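S.K.: Everything in the sequence shown is counted per the working numbering, starting at 115 for the first residue and increasing by one.
Any given hint might turn out to be false.
Restraint-style ranges between C-beta atoms, simulated for each label pair [to be verified]:
no. : residue 1 : residue 2 : range
1   : PRO331    : GLU308    : 37 to 47 Å
2   : GLU277    : ILE340    : 35 to 45 Å
3   : PRO314    : ASN345    : 11 to 21 Å
4   : THR386    : GLY319    : 33 to 43 Å
5   : ARG151    : ALA294    : 19 to 29 Å
6   : SER313    : GLU144    : 46 to 56 Å
7   : ARG275    : ARG295    : 43 to 53 Å
8   : ASP367    : ILE340    : 21 to 31 Å
9   : ARG135    : ILE397    : 41 to 51 Å
10  : SER150    : GLY319    : 40 to 50 Å
11  : ILE397    : ARG363    : 18 to 28 Å
12  : GLU153    : ALA352    : 33 to 43 Å
13  : PRO314    : SER150    : 44 to 54 Å
14  : PRO296    : ALA316    : 18 to 28 Å
Hints were generated in silico from the structure; no laboratory data involved.
Predicted, not measured: the structure shown is a model, and the values here were computed from it.
Cβ coordinates follow ideal geometry from the N, Cα and C atoms, glycine included.
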Amino acid sequence: MPAAGLCGAGHAANPQAWQARLALEFERREARTVLSRREHFGPLRVQKALYPEGDALSHAILLHPPAGIAGGDTLDIDVTVGPGAQALLTTPGAGKWYRADGRRARQDIRLKLATGGSLEWLPQESMVFDHADGLATLDVQLSGDARFVGFDLWCLGRRARGERFEHGRMQTQVRISRDARPVFVERAVLQGGEARLASPTALGGATVFGSLLIAAPVIDATLLDICRTENPAEGRGAVTRLPGLLVARYRGDDAEAARHWFARLWALSRPTLLGRPACPPRIWNT
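Taking the hints into account, I'd like the entire structure generated from these sequences.
M.R.: See below:
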């Protein structure tokens, strides 16, 4: 399942279709990771690089000023992490996939990590409105011993308003590869109101679902055991270890509970994965 839609300032969908691109490159220069390339077209931005953990690891906040993805919009995001560079990217709030009105929306994210590099891709949840029609893809390309952590959390409908995802379609694709060999490949097509969404073998009627993906050359069994000591406050969660991959799955109706569980698993895994204690992005507290 791919990463969540980006959001930022603003509160209404733009009636014009947005075509937006963002390209970022993080580079290791001596003991410091720097944001060496930042190119954008249309309403995609990144705030300045932040260093709450010191020079070696750079934090950045991705912004999509229209606040969501409307019918006909296309967002294209490329992030490159060079050899030995370390970066963490997040968003300031929930992303939104608006009503499509007959025009499909698309978001494509490509993340490339060189050997010795690490990327923590930690967007907040994506909300899929009724009558949305979207395609979201995430392609993570790892080289050598690069390490990756990714949040991916989806909310179908707006539960607080009594809205369910009864019409429309959401398609997601995710691919993680290491040295051009697939590590994880998944594709989902969610049709609004479809009976199989209530099946126990699918979402079981849940309106919130998602995954935490951790990719490293080796996933130690101890890390699996540590993560399995944590359970979400609401809903159901499970953690699985595959070759070079740790996968945590959530299914329930509480996005906040899911988000907090993923954040806790991230905090538990970070010392093993990166040799660092957790340092939650400050924007999460606003």
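S.K.: Next step is simple, just say for each hint if it's right about the structure.
M.R.: Hints, verified against the model:
At about 39 Å, the CB distance of PRO331 to GLU308 agrees with the hint of 37 to 47 Å. Range check, GLU277 to ILE340: about 38 Å between beta-carbon atoms, so the 35 to 45 Å window is met. About 19 Å separates the C-beta atoms of PRO314 and ASN345, a value consistent with the hinted range of 11 to 21 Å. Our hint of 33 to 43 Å for THR386 and GLY319 holds, since their Cβ atoms are close to 35 Å apart.
Taking 19 to 29 Å as the suggested C-beta distance range, the pair ARG151 and ALA294 conforms, at roughly 23 Å. Against the hinted window of 46 to 56 Å, the Cβ-Cβ separation of SER313 and GLU144 comes to about 54 Å, which satisfies the hint. Distance hint check for ARG275 and ARG295: the Cβ-Cβ separation is about 44 Å, which falls inside the suggested range of 43 to 53 Å. At about 27 Å, the CB distance of ASP367 to ILE340 agrees with the hint of 21 to 31 Å.
Take ARG135 and ILE397: their Cβ atoms lie about 23 Å apart, and the range 41 to 51 Å is violated. Distance hint check: the CB atoms of SER150 and GLY319 are about 47 Å apart, consistent with the given range 40 to 50 Å. For the pair ILE397 and ARG363, the beta carbons lie near 25 Å from each other, so the given range of 18 to 28 Å is met. Distance hint for GLU153 and ALA352: a CB-CB separation of about 40 Å, consistent with the stated range 33 to 43 Å.
For the pair PRO314 and SER150, the supplied restraint of 44 to 54 Å holds, since their beta-carbon distance comes to about 48 Å. At about 23 Å, the CB distance of PRO296 to ALA316 agrees with the hint of 18 to 28 Å.
Checked against the numbered hints above, the structure violates only hint 9.
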